[in-house]
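Colleague: Residue-level listing of the chains:
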Amino acid sequence: MNKYTEDDLREELKTKEYEYGFYTDIKSDTFPIGLNEDIVKAISLKKEEPQWMTDWRLEAFKAWKEMEEPDWANVNYVKPDFQAISYYSAPNSKPKYNSLDEVDPELLATFEKLGISIDEQKKLSNVAMDVVVDSVSVATTFKKTLGEKGIIFMSISEAIKEHPELVKKYIGTVVPQKDNFYAALNSAVFSDGSFCYIPKGVHCPMELSTYFRINQAGTGQFERTLVIADEGSYVSYLEGCTAPSRDENQLHAAVVELIALDNAEIKYSTVQNWYPGNAEGKGGVYNFVTKRGLCETNAKISWTQVETGSAVTWKYPSCVLKGDNSVGEFYSIAVTNNYQQADTGTKMIHLGKNTKSTIISKGISAGKSQNSYRGLVKISPNADNARNFSQCDSLLMGNECGAHTFPYIEAKNKSARIEHEATTSKIGEDQIFYCNQRGISTEKAIALIVNGFSKDVLNKLPMEFAVEAQKLLEISLEGSVG
Amino acid sequence: MLKIKNLHASVEDKSILKGINLEIKPGEVHAIMGPNGSGKSTLASVIAGKEDYEVTDGEIFFEGKDINELAAEERAHKGIFLSFQYPVEIPGVSVTNFMKTAINETRKAKGLEDMPAKDMLKLIREKAELLEIDRKFLSRSLNEGFSGGEKKRNEIFQMAMLEPKLAILDETDSGLDIDALRIVANGVNKLKSKDNAVLVITHYQRLLDYIVPDFVHVLYKGRIVKSGTKELAHELEEKGYDWIKEEVNA
Ligand SMILES: Nc1ncnc2c1ncn2[C@@H]1O[C@H](COP(=O)(O)OP(=O)(O)OP(=O)(O)O)[C@@H](O)[C@H]1O
Ligand SMILES: [Mg+2]
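If you read the protein sequences in the order shown, they are chains A and B. Using the numbering used here, read the first sequence as starting at 228 and increasing by one per residue. Using the numbering used here, read the second sequence as starting at 896 and increasing by one per residue.
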């Protein structure tokens, strides 16, 4: 009989190359490696920033020098040498484009290879994109349509120049410079990122989307995103990324700040597919991200994420529920395979009365990977009638991977209602055989089972993103079964 | 259609099937009966191509071709269907989605395009009606929280959707109430033609009143120890297995 053992599967998995592994050679202008005050000043200068921004960066740098890289997460890796990284790199063909025709053809080819060419995206999904290649935005579309509604959607460098009052007012208010080691580093050296402002009462008519790319050998990527939804407004923001395969570790330390003022709603969806390293666990992106949102009265923030990439992920999109009746949601699918390590989860900080939070986390581990959920639900003394519901499900494939759950609860108000549910399951051989018997191959069966497991979260993604996310789940788990 | 010669199979080095010979021709209905643990489900799984079961000797031919080297899904593509004794649950995957995947994967294997959604819906409607299944039921997660009878009826619904050449029904009758048994059996009979065949595994003569077998075989300790017509099933119902065991052990 055709015996297909786990060993065969493992073998197959090893030979499976990173689907989107390629490297685009766009001429770039790169800083020498290393980090000191002069580099920080040079970045600011290069970006023609005002003095207050330079000072803000320097303050962050001073704080960072005194800080230590955290090691409480359930991950093991060789700590990056921060003096061996170049902190600035920009494509040096034309800095700005009015239309796609002007964009470097090689870049366009890259997008095509990903199956998500900007053209296609524009036509199909009515998505305005602020494309970040390496660190500087090279294409911004749909700006005019948005402009008519008073929506500002641009790179943060542009925003610093064109809307300094908004940036100055909000940057660092949710994630302060000194918040943590990586946030401090980001504050000092962030090269670019996106800025978005939705005026009072405006319902943003389209999904705003940014594709992040890490592209220059040896350059870390330090994105800074700031989204402000003014009173009564609504926006859905998509963030997605892939990276070329590379033999050395690439550091990524992004900061995302969301501000939802009274009665506003922000939906922030991420599909993350950075190079996870090869089958031996070599190479791959280190992803240390600080994402946090602030909700004022009656405001709502939802984080939805599908994490399939990175060698090491350290990421806790959080909500500070400051205003009364505010709502925070976190929906997450984290997939780890081979030697990937993910420590991810959320923090829900209940400060206001009648605040509500929901956490649904789906962890899928295969190969020799480690997948940890770390969540904090904190109810402050003034948060009367706060409610939280958390559900953490783990799906294991094989016997060599691990799933871990670390739910922390700090309730300082007696009226709090907190519910936590957790399950762990394994893809069974019986399930696979059942699918096989109906004509469904093992590969497809796994995809089907994983999609079923992840359904509650996939359903939260915007339609076109959900399709892409399903494809990614399939790719990242090809050939793994227990 | 199906020809099994001197089939020996074992699981985890434990020998379970010890020389099965069986031939099923197009248009025929065969029934296999036998005491618990005699190897009926094992035989069904081996025909369907379950990997845990190792064929140590003998051959299985389907439509004249040795299928020993074929993976389970390839056998399914050729038209072998197994209604499971214990259908498994797949949380989050609706019956409809599951069937759509199964049908399109089978079509893909045959070099055909996906079935157009319109045709798929029509097919689902038609087959759900045949088995008197409420279509709301089809958007539930596959087998999750289904009652025993619902699971079995759903198995036959899948059979109706896939229209196999050889259907193996492993104790499809157990768990069905009297009305459901009639509905399911009628469904099976309606799908019957001179070109396909059915292998029914059952403990009860009752099912065979509806799905009338051309041949009845008794499996005992991994061998077919007696074959006959449908009268044999009546005899077993009346007398149990002791007399057969005695014959064998004598
Ligand atoms: N995976 C397995 N590992 C060990 N033993 C097994 C395995 N599968 C089946 N067996 C054994 O093989 C024998 C035959 O099992 P099988 O399920 O084929 O019986 P059956 O005739 O279908 O019984 P029933 O009428 O109870 O359904 C039993 O003794 C059973 O315990
Ligand atoms: Mg059985």
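The hints are simulated quantities; they were obtained by calculation from the structure and are not laboratory data. Please note that a few of the clues may not be correct.
To be verified - Straight line, CA to CA, 20 Å or less: simulated DMTMM-like cross-link-like pairs of lysine to aspartate or glutamate:
| # | chain 1 | residue 1 | chain 2 | residue 2 |
| --- | --- | --- | --- | --- |
| 1 | A | 698 | B | 1009 |
| 2 | B | 995 | A | 670 |
| 3 | B | 995 | A | 701 |
| 4 | A | 653 | B | 1137 |
| 5 | A | 682 | B | 984 |
| 6 | A | 671 | B | 923 |
| 7 | B | 1089 | B | 923 |
| 8 | A | 653 | B | 969 |
| 9 | B | 1003 | A | 701 |
| 10 | B | 1003 | A | 375 |
| 11 | B | 1003 | B | 984 |
| 12 | A | 653 | B | 946 |
| 13 | A | 671 | B | 969 |
Stated by the list, open to error - Example chain A residues on the side facing chain B (calculated, C-beta under 7 Å, incomplete):
| # | residue |
| --- | --- |
| 14 | 461 |
| 15 | 657 |
| 16 | 675 |
Ideal Cβ positions, reconstructed from N, Cα and C, are used throughout, including at glycine.
Colleague: Which of the listed hints are broken here?
Modeller: 4, 6, 8, 10, 11 and 14
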